[in-house]
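> Go ahead and model the full structure; you've got the sequences and the hints to work with.
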Amino acid sequence: MEEFLQQLTNGLAVGGIYALIALGYTMVYGVLKLINFAHGDLFTYGAYLGLTLLTSLALTDRLGFALGVLVLVLMVMGLVAVLGAILERVAYRPLRESPRLSAVVSALGASIFLQNALMLLYGARFQVYPDHILPTATLNVFGLYLPLMRVLIVLASVAMMIALYLFIQKTRIGAAIRAAAIDQGAARLMGIDVNRVILLVFLMGPALGGVAGLMVGLYYGQINFTMGWVYGMKAFTAAILGGIGNIPGAMVGGLLLGVIEALGAAYISIAWKDAIAFLVLILILIVRPTGLLGERVADKI
Amino acid sequence: MNHGKPFAIVLAAALLATAPLFLNAYQVDVLNSIGLYGLLALGLNLILGEAGLFNMGHAAFYAVGAYTAAMLNTRYQIPILWTLPLSGLAAGLFALAVARPVVHLRGDYLLIVTIGVGEIVRIALVNDIFGMTGGANGIFGISRPQLFGIVIRRPQEFFYLIWGCVALTIVLFLRLKQSRFGRALNYLREDEVAAEGSGINTAYYKLAAFGLGAAWAGMTGALFAAKMTIISPESFNFWESVVLFMIVILGGAGNIAGVLLAAFLVIGLPELFREFASARMLVFGLVMIVMMVFRPQGLLPAGGRRFSLATLARGHG
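So the sequences go chain by chain: A and B. Oh and the first sequence: position 294 is 300 in this note's numbering, straight run, nothing missing. Oh and the second sequence: position 73 is 61 in this note's numbering, straight run, nothing missing.
Hints are computed from structural coordinates only; laboratory data are not their basis. Hints are supplied without guarantee of correctness; some may be wrong.
To be verified - Some chain A residues near chain B, calculated using beta-carbon distances under 8 angstroms:
no., residue
1, 41
2, 101
3, 111
4, 118
5, 122
6, 239
7, 278
8, 291
Note that beta-carbon positions come from the ideal geometry of N, C-alpha and C, so glycine has one too.
Spelled out as structure tokens, the structure:
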């Protein structure tokens, strides 16, 4: 039982990270019907920017752990959001009217470019987050000893998801995003500036993805320039699992995939851990391509 | 019409055929790599270029072929060239099995699934599935191929084996392109609904394209195993699939000459600029974006079909 609960909470932490990345995929897909292959790499940039800012500005030494990390999160969010907007401007906007394949290839190109730029800047080796700044304390929750970091990650990701959900559902801008996702043409006729909506989506998605990268750095302590692709694929699986284009779906899908993967790795085989996620992806596409919460079916397959 | 074209093809073929005479072993080896990638890309071209099915797991079929050849050769001492048809068959059947449930998926969904299949195959190989693939180390001790009593060992000898296969493939695939089958695939690519409406069995043709393209990858895998004498899962990772995808798209999907030209550029050019080797993928990524913005149809796009009046008058289309 102890082992099961440990794996479950670990799965929730990883799942929260997947969910944050998946939100970026799902929002972009919702508005543009494009799989943003470079999203996983923006996530990696979050992790690397976080490391650089953390070590060069010594934020946690100056401001204390809580405030330091908060400032760090905001900085990473802002920077990765800008990267996302640049990406949209350079690689996707010129292809808005092109066939799907062109946009997909451009997205892949952007992914390869970003990944290799990072490798040339930082080198191919693993980068390590300094471990003395992270809290190593454990919490005792009903007799279960949980690392503080794990609890924080679950709480932070859930808080961000709730905030995003409220933003999308309750504000005028959120309504504009939802409208553009349903029908761009009609949204434009209703006076919604679709270009601004797309830009906004490319600011918000990467910001969340960047934070997820930072979380991975803080949680595992090790980052690598290629990690974006594995996390990206899994987050995409999570988005499909929940129903792509559907924001609550991405959250549920992410958490669910994290738990499935953690339990699968613990009870089936750790060596097949990555394959489990892909298997889930293929099965869901065969059995229920709309995902768990998917609704808009018409042009899905 | 275009009188320069046949001349250019003959010239290119002659240059290539005599290349081993004036190139050193290393350069010939680069040409061999180009040939292997060319074969793989021509197979992928059937799926991605002719039928318009986004397959980004081509390395999986390549791997199935290579491992089939390697296992048959090292366990049952079957001469490696004899394993060629079996490797093709194994890869083709594998492709049919995995494509059957997913082939109806639309564009980018299929892309994601094929990426997933490629990764699962790679992970399975690393995990030594069935205890036969040798795990991360792979399979070694694959014997040299023998043709007409000659053991093929040096790059120059491999050159003629590989490029002989490429030439054969070009002839076959050109014929295929002109056939009813080739036209059906193109119809699928251009408008699936209209194709279905015109009585084309879309599921059948999609699967046939997958099976045939994969079979080609499988046979290329056997050639690769013969050339390397050692294979490991790392040779079949995701980036191989990406590079192949790129070759087909950059060259001009559906055009054999374009695909081969792109194989030369994508595989050959980095060898010329070895000092910038680490920036290779960076440039590729950039080229992919720039190409899609300014020339999405590729370097040499497939032209429309031309029929000469004489053949039409005789009543054969």
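> Now, for every hint given, state plainly whether the structure supports it.
Evaluation of the provided hints:
Given the 8 angstroms rule on beta carbons, the hint for residue 41 of chain A holds: about 5 angstroms separates it from the nearest Cβ of chain B. Here the hint on residue 101 of chain A is kept, as its CB sits about 6 angstroms from the closest CB of chain B, short of 8 angstroms. Given hint, residue 111 of chain A at the interface with chain B, holds; its Cβ is 5 angstroms from that chain's nearest Cβ, closer than 8 angstroms. With 8 angstroms as the threshold, the beta carbon of residue 118 of chain A comes within range of chain B, its nearest partner Cβ sitting at about 3 angstroms, so the hint holds.
Checking residue 122 of chain A against chain B: minimum C-beta separation of about 4 angstroms stays under 8 angstroms; hint holds. Among the interface hints, the one on residue 239 of chain A holds; its C-beta lies about 7 angstroms from the nearest C-beta in chain B, closer than the 8 angstroms criterion. At a threshold of 8 angstroms, the smallest CB-CB gap from residue 278 of chain A to chain B is about 6 angstroms, leaving the interface hint in force. At about 6 angstroms, the closest approach between the beta carbon of residue 291 of chain A and any beta carbon in chain B falls short of 8 angstroms, and the interface hint on this residue holds.
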